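Enquirer: The opening residue of the sequence shown carries number 0 in numbering that gives the first Met the number 0; numbering runs sequentially from there.
Since no wrong hints were added, every one of them can be taken at face value.
Label pairs and their computed distance ranges (CB to CB): (1) Ser100 x Gly11: 36 to 44 Å; (2) Ser318 x Asp139: 16 to 24 Å; (3) Pro127 x Thr224: 50 to 58 Å; (4) Glu228 x Arg20: 53 to 61 Å; (5) Tyr288 x Glu253: 18 to 26 Å.
Keep in mind the hints are simulated off the structure, nothing from the lab.
Just so you know, these numbers come straight off a predicted model, no measurement behind them.
Cβ coordinates follow ideal geometry from the N, Cα and C atoms, glycine included.
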Amino acid sequence: MRGLAKTTRASGGMELLDLDRPTPAADEVLVEVDYAGLCGSDAGIYEYKSAFERMDPPTVIGHEYTGRVVERGEDVTSFAVGERVVERPIRGCGECYQCQSGMENICRNIELTGIDHDGAYAGYVAVPADSIQSVPAGVDPRHAALAEPTAVCTRAVIENSRVGAGDRVLVAGPGPIGLLTAQVADAQGANVTVAGVGPDTAYRLPLAEELGFPAINIEETDLETYREEFTDGIGYDVVFDTTGHPSGLPMATEEVRKGGQIVLVGQAGETSIPTTPIVRAEVDIQCSYSAMFRDFDRAFRLMASGDLDHETFLDDRFSLLDAEAAFESFLAGETCKPVFDVSVLRE
Numbered sequence: 000m001r002g003l004a005k006t007t008r009a010s011g012g013m014e015l016l017d018l019d020r021p022t023p024a025a026d027e028v029l030v031e032v033d034y035a036g037l038c039g040s041d042a043g044i045y046e047y048k049s050a051f052e053r054m055d056p057p058t059v060i061g062h063e064y065t066g067r068v069v070e071r072g073e074d075v076t077s078f079a080v081g082e083r084v085v086e087r088p089i090r091g092c093g094e095c096y097q098c099q100s101g102m103e104n105i106c107r108n109i110e111l112t113g114i115d116h117d118g119a120y121a122g123y124v125a126v127p128a129d130s131i132q133s134v135p136a137g138v139d140p141r142h143a144a145l146a147e148p149t150a151v152c153t154r155a156v157i158e159n160s161r162v163g164a165g166d167r168v169l170v171a172g173p174g175p176i177g178l179l180t181a182q183v184a185d186a187q188g189a190n191v192t193v194a195g196v197g198p199d200t201a202y203r204l205p206l207a208e209e210l211g212f213p214a215i216n217i218e219e220t221d222l223e224t225y226r227e228e229f230t231d232g233i234g235y236d237v238v239f240d241t242t243g244h245p246s247g248l249p250m251a252t253e254e255v256r257k258g259g260q261i262v263l264v265g266q267a268g269e270t271s272i273p274t275t276p277i278v279r280a281e282v283d284i285q286c287s288y289s290a291m292f293r294d295f296d297r298a299f300r301l302m303a304s305g306d307l308d309h310e311t312f313l314d315d316r317f318s319l320l321d322a323e324a325a326f327e328s329f330l331a332g333e334t335c336k337p338v339f340d341v342s343v344l345r346e
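Please build the complete structure, drawing on both the sequences and the hints.
Expert: Below is the structure:
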């Protein structure tokens, strides 16, 4: 088989390598990968941002995927050969306080698929059976490849936010997580606006509008005037910062209402805000990271109900045989959620 790997500790440095098909350990299954998505973290690996310096190249990247079980380790009884599955790519150690408390998504010894070990941009991947989850019948395989980012957003909205029917919500950042967050919030009955910047006007803000959301370019829109009209002068009940940019949180503090909530989903590195105004306004700042079994289950239920439009959202124009085009388009804001047909790596 072949796999797309990060091979150098520098920007770019992605190569298709000839690899041996992995053999599953006793507690693993071998998954034949069908479709895989491109995540913002994959783009960060491509650029080799500091968050990924712990990688030990060459490492096959990719963690948003679906495929079928083709082989089981001798101790695995829970999944059948031929069963379609997805992986929960954040693996806890099972022993630390967080894991023992049911918070394995923030395990102290966390390992990430496609970073700490080989990922899904390959013909096959060996995965611990306790890290995979069955795909319900009737879910399009290309949509199932988006279960992981969707689960991140069901966690952010349903588990970690106070969003309810009729709430006015601002989603800052029209990237993959932003547009999925907007869809999940809309499914809860919220009124959602999506905000972006100039480069987002080429593809991502028009995509937000195609998905049914008001979309604003904050570099051209008077945010105070828009907020006054959209929220009847109150301010947003909940602001989701999915930008991954230092400007996201400061903007959120300006837009949220007194007594409202800011949910941080994007990872912006360092930023600063004046704390006195948000303390005096009793603004709740909540962080949300990754996803667990229940979040995936909720994602699949929303897919089945038709509340999420994955078909419009995904972009299948790109190939892993020329992955650089996908990465460069993603970084330029010319696409939002590339989904690759991984079967080409078995040909």
